[in-house]
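All chains, please: the whole structure from these sequences, using the hints.
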Amino acid sequence: MIMEISLWLNNVFIKDNIAPDTLLLDYVRSKGCYSVKRGCETSNCGLCTVILEGKPVLSCSTLAVRANGKHVITMEGLQEEAAEVGGFLADQGSEQCGFCSPGFIMNVISMSKELKDPTLEEVKGYLAGNLCRCTGYQSQLRAVLNYLNAKKEAK
Amino acid sequence: MKMNAVNASIRKKDAMALVTGKPVYTDDIAPKDCLVVKVLRSPYAHAMIKEVKIDAALKVPGIECILTYEDVPKTRFTIAGQTYPELSPYDRLILEQRVRFVGDGVAIIAGKDESSVLKAMKLIKVSYEVLEPVLDFTKAKDHKVVVHPEEDWKVLIPLGPDKNRNIVCHGTEEQGNFEEEYAKCKYVIDETYHTKANQQAMMETFRAYTYMDAYGRLNVVASTQVPFHVRKTLATALETKKSNIRVVKPRIGGGFGAKQTVVAEIYPAIVTWLTGKPAKIIYTREESQIASSPRHEMQIRVRIGADEKGKIQAMGINTLSNAGAFGDHTPTTIGLSGTKTLPIYTSNAKAYKFEYEAVYTNQMAAGAYRGYGATQGLFAVESAINELAAKMNIDPTILREKNIVKEGDFMSAYHGETANSCALDRCLEKAKEMIDWDNKYPCKDLGNGKVRSVGIAVAMQGSCINDVDVASVSIKISDDGFYNMNIGATDMGTGCDTILAQIAADCLDTDVNNIIVSGVDTDISPYDSGSYASSTTYLTGMATIKTCEELREKITAAGADMLGCKPEEAEFDGNSVINLTNHKSISLIDIANNSMCGSNHTLEACVKHTSPVSPPPYMAGAVEVEIDKETGHLDIIDYVAVVDCGTVINPNLARVQTEGGLVQGIGMALYEDVVYGKDGTCYSNSFMQYKIPSRLDVGQIRVAFESSYEPTGPFGAKSIGELVINTPSPALANAVYNATRVNVRTLPITSEKIIMGMLNK
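Protein sequences, first through last, are from chains A and B. When the first sequence is numbered by the working numbering, its final residue is 155 and no position is left out of the sequence of numbers. When the second sequence is numbered by the working numbering, its final residue is 761 and no position is left out of the sequence of numbers.
If you're looking for bench data, these hints aren't it; they were derived computationally from the structure. Be careful, since some hints might not be right.
So, partial list: chain A residues that the calculated Cβ filter (under 7 Å) puts toward chain B [what the hints assert, rightly or not]:
1. Asn17
2. Pro20
3. Gly136
Covered, in the sense of this in silico footprint (three residues per stretch, anywhere, with C-beta under 8 Å from a C-beta of chain B), are these stretches of chain A [unchecked claim]:
4. 1 to 12
5. 66 to 80
6. 109 to 119
All C-beta atoms, glycine included, are put in the ideal place defined by N, C-alpha and C.
Written as structure tokens, this is what we have:
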């Protein structure tokens, strides 16, 4: 069985025919959005985070048909913001292998839009679903705090 | 030599590509027409395959091929990525009639897409003769069931194997008369510790794609730490010449030792080899959890004896290791449980003894994981030291101060090396100061049902496998005087492409951005054993220095030629070659461009390096925890790590290595555990069942460096990557004891074990 969907992927309108069990993760990768990674199959790692209608979601556990009529943003559509946040990670050496970086940064970008002046605990809590095996999280936290401070100072 | 790039926190060269999500990993760059490859896996821990019916499965549209044990070559090999001749036994076939663990390969299925392959997999009918498995490694020796009864099992360098008794290796090393000296000691400890299998759990699972190139050669693009060993292993397994295979490493999403084993590459390789078509395999997280290469489970008996002054005089270690179904990395990991523990305390002891034995079982084969066997050994030995201190009623840091290895000490138990660079005493002192040990030891009852305590451990590792590992680097000068640097070491996120460029930049007096680094391609890169055994900075760093020295001479000679003087009358300062007599100079740009036009000057160099020594990095780890006396719940308040890795080449990357290693070590200490059911099924098959630390699980972590200077290392550097995983398990066990008087000797140290220990006292 094939279903027809239409959506905006990184602000480009697409009409497509897909199998109904296609996961959003596999769908966006098939459209060239390779920043979106699979780290597990159990919604534990956060690597596959994309923004659906302004909210971060795990694309590994979202059916592509759920995006019908909606806007999906991957890191390919947020290159400037990714480079801005990512620069702070790079300055700490905290991207390391980099495999979890896109999902993590997508969530950091979402957090900075959603939370005004978050506390340390709020930052950790918001990002708790993004696993990383290389860094032990400390350098990521330093990077995020530096990013939030820089944003505050720029205002 | 001036240090401009070295010791600077420079961004990794690939950082911005990684953080902006560029397609640089294996699955991002695989050809779109790749056959999808999957493996049908055994539901039994031990069985003989009677029949595999594939006719229905072959009819699924899009299926290209289905391979069973009857279709694969019959030459045994090892998937351990080690220098030839490997110590790991050649005990595997690509597929075999006998399956040896739940998850062992039964059939390889290749088809045009995932759904057709999964559909075909369901239609394969296998009948098994189910056999009794060996599931308890303490009862594996001389078990009536033999895991490897086959005649063609072989090992290239035998360390006392006896496969008909399920023994992979065994041996004894002794200095002095241990039993005699131990018996004389006033204070003795004799305890047995049990460490579990742990998964490396790198975020990118095992994966590779393969295709035939224009020359009819098998090309393999793999997420691996050991491209040259992949080439060797695949050639052996496929019974072909190594010249028929090329291996390329793209960016890697983490390894931690898992990718020092050729876990997945053979499956797409044989499909491409037989069909001529491109193929890829992407392991699911479940496969990465149940059919991979986790840390060896070990049971370690430690006996330590000290005299009335608290001086350690005798130390004995007896290690039993669980190889699982195959012996990958088994004879090598087990040695580290002795050679990376005994030297910390035996430079001035009268005797030591190290006995070891590893056995086959019907569980997933173990492999290489950061720390190798040292991590297991150090949990046991450091715990025993803490228990000895408790028995002597002295502060465990004082017992260490009396006994730890100091700079200049001869380490008989460490291949007879001398500790030429060792700041362990300073590391310990600094760690005590940072955690405020003297005020916090042993514990403080907070009066609200909670108690805070501190714990301590020290550790060592090596830097490369001495006289075995080799590294080589080639650097050539290109138009306008930029440098192309080729390395055979694999950057798996650790940043070695950048670290080695930093070293080269200082050696060539140039900017780090003037060095273009290319990752590994076995056809092009100079040979390197691979990125493991904490060898890259130490060994490939030295190869970089030697290569730069040779290249500088060549540049100087070319410049002198153009200036009309002898090379010994000229000097290269990084920008130009100067005639020291008349101070005329010629720029590097002109020298480089001139070498490309009517020139006989070969402005490139490639130099190899190996090391007769493996200088240990050292560290001290101190932790403060808070334990709930009602539930046994443990929170980490503060972890301090003070590391002696010699000269720090890139402070950012060294710090991140340390923080990352500590948190992996904390996971191992507190909850990571590969658990099997009674039938041998691995229950820890997802991130739901196998929990790795999240950012909410780790408290404050603080890292400091107390550098010694290693004379044989680049700029005085030693290794750091593996060392840093070793202290959390024993330090946390010590903190638990200091709070509760409960010794947890089996990892992980769960709340349940803590509270049950308190209740059973």
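Status of the hints after comparison with the structure:
1. Asn17: This interface hint is violated because 15 Å lies over the 7 Å limit.
2. Pro20: Violated. Min distance 12 Å.
3. Gly136: holds (3 Å)
4. 1 to 12: Violated, because only 0 residues of the segment 1 to 12 of chain A bring their Cβ atoms closer than 8 Å to Cβ atoms of chain B.
5. 66 to 80: holds (count 4)
6. 109 to 119: Violated - the segment 109 to 119 of chain A has 0 residues with a Cβ nearer than 8 Å to chain B, which falls short of three.
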